[in-house]
Amino acid sequence: GAVVSQHPSRVICKSGTSVKIECRSLDFQATTMFWYRQFPKQSLMLMATSNEGSKATYEQGVEKDKFLINHASLTLSTLTVTSAHPEDSSFYICSALVERGYEQYFGPGTRLTVT
Amino acid sequence: AQSVTQPDIHITVSEGASLELRCNYSYGATPYLFWYVQSPGQGLQLLLKYFSGDTLVQGIKGFEAEFKRSQSSFNLRKPSVHWSDAAEYFCAVGGYSSASKIIFGSGTRLSIRP
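Just so you know, the sequences run in chain order A and B. Using the working numbering, the first residue of the first sequence is number 1465, and each one after it goes up by one. Using the working numbering, the first residue of the second sequence is number 746, and each one after it goes up by one.
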């Protein structure tokens, strides 16, 4: 149980375009999901906390207008990278919180490359 | 301030040898502690977690970790490593709340010598 999926697994887009990444909890409901960014050979950096039915909470230094997060249902959160630039190229990972165990289950990640 | 320190960036051990990955944390309250493993280009898999109770925690794939409050440590161990254990390992700390964020250490890359 507690499987989290992400789609797409890999995306290449042109500079200036927008890209949407989906995060789904497949077999449980998640009122809270998290979005992380990971640079090569580095740790995960929390970008934002996504709460179902309310606005996301962004970490300091993360542009909320650039990284739009929507958590419209208990099983789906989306991250939209708007007007993407090459510096936005990264590995984006989401996680969903299992309330009972205070444990996060992670998706497999999405590799974004902006050309 | 809340933080997690993994002092070893890269460790190489021989297959069959024992392993210990170090983790120290700083947290204002009683922490939840986690170890995750990440294979190249993949997401994170939870190896084990400590919430309370027995300070020696057993996880998947033969891993265990010991919580030592006096040393603020949560080191990961395995008595005999396999080539498939080569990966990046992250220690993480969180709080007793569903609103608490998980803070990750910088990771330790484990290589296995044949």
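Read the hints as simulated data drawn from the structure, not as lab findings. A couple of the hints might just be wrong.
Label pairs and their computed distance ranges (CB to CB) [as the list claims (entries may be wrong)]:
{"id": "1", "chain 1": "B", "residue 1": "825", "chain 2": "A", "residue 2": "1530", "range": "26 to 34 angstroms"}
{"id": "2", "chain 1": "A", "residue 1": "1495", "chain 2": "B", "residue 2": "801", "range": "45 to 53 angstroms"}
{"id": "3", "chain 1": "B", "residue 1": "760", "chain 2": "A", "residue 2": "1482", "range": "40 to 48 angstroms"}
From the derived model, a few chain B residues whose C-beta atoms are all more than 10 angstroms from chain A [unchecked claim]:
{"id": "4", "residue": "769"}
{"id": "5", "residue": "787"}
{"id": "6", "residue": "811"}
Okay, derived cross-link-like pairs now, EDC-like style, lysine to aspartate or glutamate, Cα gap no bigger than 20 angstroms in a straight line [said to hold, decoys possible]:
{"id": "7", "chain 1": "A", "residue 1": "1478", "chain 2": "A", "residue 2": "1529"}
{"id": "8", "chain 1": "A", "residue 1": "1505", "chain 2": "A", "residue 2": "1567"}
{"id": "9", "chain 1": "B", "residue 1": "813", "chain 2": "A", "residue 2": "1563"}
{"id": "10", "chain 1": "B", "residue 1": "794", "chain 2": "A", "residue 2": "1552"}
{"id": "11", "chain 1": "A", "residue 1": "1528", "chain 2": "A", "residue 2": "1552"}
{"id": "12", "chain 1": "A", "residue 1": "1505", "chain 2": "B", "residue 2": "753"}
{"id": "13", "chain 1": "B", "residue 1": "794", "chain 2": "A", "residue 2": "1563"}
{"id": "14", "chain 1": "B", "residue 1": "806", "chain 2": "A", "residue 2": "1552"}
{"id": "15", "chain 1": "B", "residue 1": "846", "chain 2": "A", "residue 2": "1551"}
We treat Cβ as the ideally placed atom computed from N, Cα and C, and that holds for glycine.
Status of each hint after checking the structure:
1. A hinted range of 26 to 34 angstroms for the beta carbons of residue 825 of chain B and residue 1530 of chain A is inconsistent with their spacing of about 47 angstroms.
2. The given range of 45 to 53 angstroms is broken by residue 1495 of chain A and residue 801 of chain B, whose C-beta atoms sit roughly 33 angstroms from each other.
3. Range check, residue 760 of chain B to residue 1482 of chain A: Cβ separation about 46 angstroms, and the 40 to 48 angstroms hint holds.
4. Annotated as non-interface, residue 769 of chain B keeps its C-beta farther than 10 angstroms from every C-beta of chain A; the closest such distance is 15 angstroms.
5. Residue-level check failed: residue 787 of chain B sits 6 angstroms from the nearest beta carbon of chain A, not beyond 10 angstroms.
6. Distance check on residue 811 of chain B: its Cβ is at least 20 angstroms (rounded) from any Cβ of chain A, clearing the 10 angstroms threshold; non-interface status holds.
7. A hinted pair counts as satisfied when its Cα atoms are at most 20 angstroms apart, and residue 1478 of chain A with residue 1529 of chain A qualifies at roughly 19 angstroms.
8. For a cut-off of 20 angstroms, the pair hint linking residue 1505 of chain A to residue 1567 of chain A is broken: about 24 angstroms separates their Cα positions.
9. A threshold of 20 angstroms between alpha carbons decides the hint, and for residue 813 of chain B with residue 1563 of chain A the separation of about 26 angstroms lies outside it, so the pair is violated.
10. The hinted pair formed by residue 794 of chain B and residue 1552 of chain A fails the criterion: a straight-line CA distance of about 32 angstroms is larger than 20 angstroms.
11. In summary, the hint linking residue 1528 of chain A to residue 1552 of chain A is supported, as the alpha carbons are separated by about 14 angstroms, within the 20 angstroms threshold.
12. At roughly 13 angstroms between alpha-carbon atoms, residue 1505 of chain A and residue 753 of chain B fall within 20 angstroms of each other, so this suggested pair holds.
13. With a CA separation close to 15 angstroms, the supplied pair residue 794 of chain B and residue 1563 of chain A stays within the 20 angstroms bound.
14. A threshold of 20 angstroms between alpha carbons decides the hint, and for residue 806 of chain B with residue 1552 of chain A the separation of about 35 angstroms lies outside it, so the pair is violated.
15. The suggested pairing of residue 846 of chain B with residue 1551 of chain A is violated, with an alpha-carbon distance near 25 angstroms, which exceeds 20 angstroms.
Violated hints, in rising order: 1, 2, 5, 8, 9, 10, 14, 15; the structure is consistent with all others.
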